[in-house]
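So the protein lines, in turn, are chains V and Y.
Counting from 1, position 192 in the first sequence corresponds to residue 192 in this note's numbering; the numbering is continuous, with no gaps.
Quick note: to get this note's numbering, add 414 to the position in the second sequence (first position is 1).
Simulated from the structure, these hints should not be mistaken for laboratory data.
It is possible that some hints are incorrect.
[Claimed, not checked] Below 27 Å or equal to it, Euclidean Cα-Cα: the simulated DSSO-like pairs (lysine-lysine) are:
hint, chain 1, residue 1, chain 2, residue 2
1, Y, 501, V, 396
2, V, 87, Y, 722
3, V, 18, Y, 421
4, V, 84, Y, 700
[To be verified] Chain V is faced by these chain Y residues, among others (derived, beta-carbon under 7 Å):
hint, residue
5, 429
6, 431
7, 436
8, 460
9, 525
10, 534
11, 549
12, 552
13, 581
14, 588
15, 594
16, 702
17, 704
18, 758
19, 812
No experiment lies behind these values; they were computed from the predicted model shown.
Glycine residues also receive a C-beta, built at the ideal position from the N, C-alpha and C atoms.
Read off the chains here:
There are 2 protein chains.
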Amino acid sequence: MKTYTYKKSVALFKRAAKVIPCGIYGHLSPAPLVPATDYPFYASRAKGARFWDVDGNEFIDYMCAYGPMVLGYNDPKVDAAAMKQLKSGNCITAPAPIMVELAEHMVDTIAIADWAFFAKNGGDVTSYALMTARAATGRKKIVLVRGGYHGVAPWAQAAGHPGVIDEDHSTIMYVEWNDFEGLERLVNEHPGEIAAFMATPYHHPTFVDSELPAVGYWSRVEALCKKNGIVLIIDDVRCGFRLDMRGSSEYFGFKPDLACYCKAIANGYPISALVGTEALKTAAAKVFYTGSYWFSAVAMAASLATLKELKRLKAPELMMARGKKLLDGMIDIARSHGYTLNVSGIPSMPSVYITDDESLMLHQDWCAECTKRGVYFTSHHNWFISTAHTDADIKKTWNVVDEAFKVVRKKYGM
Amino acid sequence: MKTYTYKKSVALFKRAAKVIPCGIYGHLSPAPLVPATDYPFYASRAKGARFWDVDGNEFIDYMCAYGPMVLGYNDPKVDAAAMKQLKSGNCITAPAPIMVELAEHMVDTIAIADWAFFAKNGGDVTSYALMTARAATGRKKIVLVRGGYHGVAPWAQAAGHPGVIDEDHSTIMYVEWNDFEGLERLVNEHPGEIAAFMATPYHHPTFVDSELPAVGYWSRVEALCKKNGIVLIIDDVRCGFRLDMRGSSEYFGFKPDLACYCKAIANGYPISALVGTEALKTAAAKVFYTGSYWFSAVAMAASLATLKELKRLKAPELMMARGKKLLDGMIDIARSHGYTLNVSGIPSMPSVYITDDESLMLHQDWCAECTKRGVYFTSHHNWFISTAHTDADIKKTWNVVDEAFKVVRKKYGM
């Protein structure tokens, strides 16, 4: 099996490093990947479940742009809706009627939603959720799960990160994931002071396994919050519409007060949303919150088309089934080579680790060997399945996975 | 002259109010406009310097989507560049080469820029600028100008706003605009503690006149910051490329360390940028800062095309001249009716008030009467001129302005 080289990617990255901090920053930065030169740095085009890098290499993409791609790149229905809207107008002095249609559709789709609010980043709406909770309760303190990701605002970053100061966390408290008793203790220690508890529907930190909610965890949390007037905020930015069209909280059987969306809601067109219950609508309206492009109609048209197509396809169920098939096969292949592939999280957004090497070097190498053969796997972040990943893609992936295990077995021995 | 009605806008707004907090929130919210029913709520399409509302009314648009529209709505060159990129791909697992080209072009264009960083909101990059300054200096305190606008993050909002808590301002200090001595006093009172001073190139708050920098203000501020190791950040989000292609700081003759861009950089496609000096590149790289759509290639392609077209047209000079012609004529027309029209700020981004009624009712009414006749003027926010506003538009505007003065003179007397 031929392996890829990334000559043009590397040359372009060198140019980038001169005029962009890190060359490529944030979650797309090649820095955390070891070794960096095993991955392509720049994409020249994308279609369906695939992208092509600037060296002409083709990849089955299991990162899906880290989530936004959910129906396949350049989905014709979504693009047609976006182009139709663009011809009328995008970012105008007044919003377009599509804003109302999209809000109505989200209210019809998401179980807890009585209203919707649109912005650009996931982080726009996690911050807005906290402000809404503070406006509603007149309280200041926020409880988060340690290791959870809610964007890059200073309050959401871990203490000690460059640019983050202690004052950014003066009202933030942490509990461990699944630790209901810990949360209850905090609530009792700070009566009438906690505005909100914010968490992802299940725990999906980077560099370690994902963890599902323990039996009874969410219903106990929901009851605790209700009893104590604490706003329960679900950050569904990463999971949204990959578990359940009605909200990932429905999948796990509970009802938050606010839910944050981004990523999968418009197949890559830039939009995020906060949805909430009627009880919090007035507080949400009181908070002044806006942005230059938040009323842009093209992303709203793309979002409405995406939501309709996700519903039509029963996309969460479809992605779960495809993911399960892919992963079951991969576990078997790993076993045939004497390796253990541990899959955590949910099949449409799996966290995958080879457990036979604590240094993670073998795991990282294996991900890179798959990528160099056309199956794009990152080693440190959960993967994403889209509705565009076909049975043929899965079969091709299995072949590459098999080959990559042979390569690492030769390299690392048994 | 026939006046507009907004039946369909009002009906749609009633639907919106059921499913969206405020119906329309933020800077597009009709709430601050008095009376609200004098303005259209929803745009059905836009082209050049005009938009049409859902009732079919046509407006010459002097708000330009509150800044993003700078070359005219649906500029063919910008849209063609965006569409070409969209066919290849937009939001992908790896960035597109256009990211490097755009960064290089911004570095070539903006005087102080040795590097560029891209995000979505203006507020993304004002927050990132503060974090970069803190990472670079190891200091915490930030000085802002009272009444300045830097987005909706809690640190940027005024104390006491719903959802904003005292802790959000624990490291923020304020000085009055143009008060160099006040800034110097703060610097002397907090030696080695101030990470950054952030301000707009000139002061353009809402509800009051804009104020240009006093002679010598910026050079003294620049020297004070340099002497004390304070990062000087210019928020050029609103003014950027409407004063000078090399940066609004060049227009006023000084050099900041960081400059924030959004609005006019991509003619409505969603992108923002932070640019900075080589000395701050390492600190900028250390801050973890990213978003789901920040690598999307379509807005980058639109931005590159926009910047090239702005340069070709000598857009800042063109908009300044068009604005001056428009405003000079309006001042004369006002005078012919016995009114004083006060214009502050710069001609491409003027702040306009009728000074003959302290209650502002007459001014608000006059803006609404212009709008109802097809010239969209807000009463509480600076206006924007684009390169698409023609001499014919200006003449039509003068006719409407004349008629609106007749109407308010009849209503309010002299």
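Now the hints, each set against the structure:
1. Y/501 to V/396: holds (26 Å)
2. V/87 to Y/722: Answer holds: residue 87 of chain V to residue 722 of chain Y is near 22 Å, not above 27 Å.
3. V/18 to Y/421: Violated, at about 55 Å.
4. V/84 to Y/700: violated (41 Å)
5. 429: Since chain V brings a Cβ to about 5 Å from residue 429 of chain Y, closer than 7 Å, the hint holds.
6. 431: violated (10 Å)
7. 436: holds (5 Å)
8. 460: holds (4 Å)
9. 525: violated (15 Å)
10. 534: Holds - the Cβ of residue 534 of chain Y comes within 7 Å of chain V, reaching about 4 Å at its closest.
11. 549: holds (4 Å)
12. 552: Violated, about 10 Å.
13. 581: Because about 5 Å separates residue 581 of chain Y from the closest Cβ in chain V, which is inside the 7 Å limit, the hint holds.
14. 588: Hint violated; residue 588 of chain Y Cβ to chain V Cβ min 17 Å, cut 7 Å.
15. 594: With Cβ-Cβ at 27 Å, over 7 Å, it is violated.
16. 702: holds (6 Å)
17. 704: holds (2 Å)
18. 758: violated (21 Å)
19. 812: violated (21 Å)
Checked against the numbered hints above, the structure violates hints 3, 4, 6, 9, 12, 14, 15, 18 and 19; every other hint is satisfied.
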